[in-house]
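**Student:** Start from the sequences, fold in the hints, and give me the full structure.
Position one of the first sequence corresponds to residue 94 (this note's numbering), numbered consecutively onward.
Here are the simulated DSSO-like pairs of lysine-lysine, each with C-alpha atoms no more than 27 Å apart in a straight line:
1. Lys130 <-> Lys110
2. Lys158 <-> Lys110
3. Lys145 <-> Lys182
4. Lys114 <-> Lys158
5. Lys177 <-> Lys187
6. Lys177 <-> Lys145
7. Lys110 <-> Lys187
8. Lys158 <-> Lys145
9. Lys187 <-> Lys130
10. Lys110 <-> Lys145
11. Lys182 <-> Lys114
12. Lys130 <-> Lys164
13. Lys114 <-> Lys187
14. Lys110 <-> Lys177
15. Lys114 <-> Lys177
16. Lys145 <-> Lys103
17. Lys103 <-> Lys164
18. Lys164 <-> Lys182
19. Lys114 <-> Lys164
Just so you know, these hints were derived from the structure itself, not from any lab.
Keep in mind that this is a model prediction, so the values were computed, not measured.
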Amino acid sequence: MENSRTNFFKDVYEVVKLIPKGRVTSYGAVAEYLGSKGSARMVGWAMHGAAKIGGVPAHRVVNSKGLLTGKIHFGGNRMEQLLKAEGIKVVDDKILDFDSVFWNPVQELGFD
DNA sequence: ATTATGACTTCAC
DNA sequence: CGTGAAGCCATAA
94 MENSRTNFFK DVYEVVKLIP KGRVTSYGAV AEYLGSKGSA RMVGWAMHGA
144 AKIGGVPAHR VVNSKGLLTG KIHFGGNRME QLLKAEGIKV VDDKILDFDS
194 VFWNPVQELG FD
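**Tutor:** Printed below as a string of structure tokens:
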């Protein structure tokens, strides 16, 4: 039933949904896992659709710097609030210990 | 088919 | 450290 959402979007949703609690990932990491490393922007675009669909923890996806760039679309501190609830420390729209909470799908899920 | 846009990434100044 | 520009890929119009 891949009508509105293409395989790309669907993959993004699934990967994001697989993100463990208290962990975050970056657009580039997801894009890389999907095979389209250069499509980091697409991941963000997919999140845009995911946000309206719901069921996808888009708040667990940040940019490569660990900055909550997407919070702008979440509206206010919604994203930051959610991350803090997960046990992630966020200050000035940035994730602390980003390297520790980072969750790489390629590394965790594996390539094969 | 072409143009415009986007929640990105990275290098350069 | 802040800003700018280019590269990248997929969607929408």
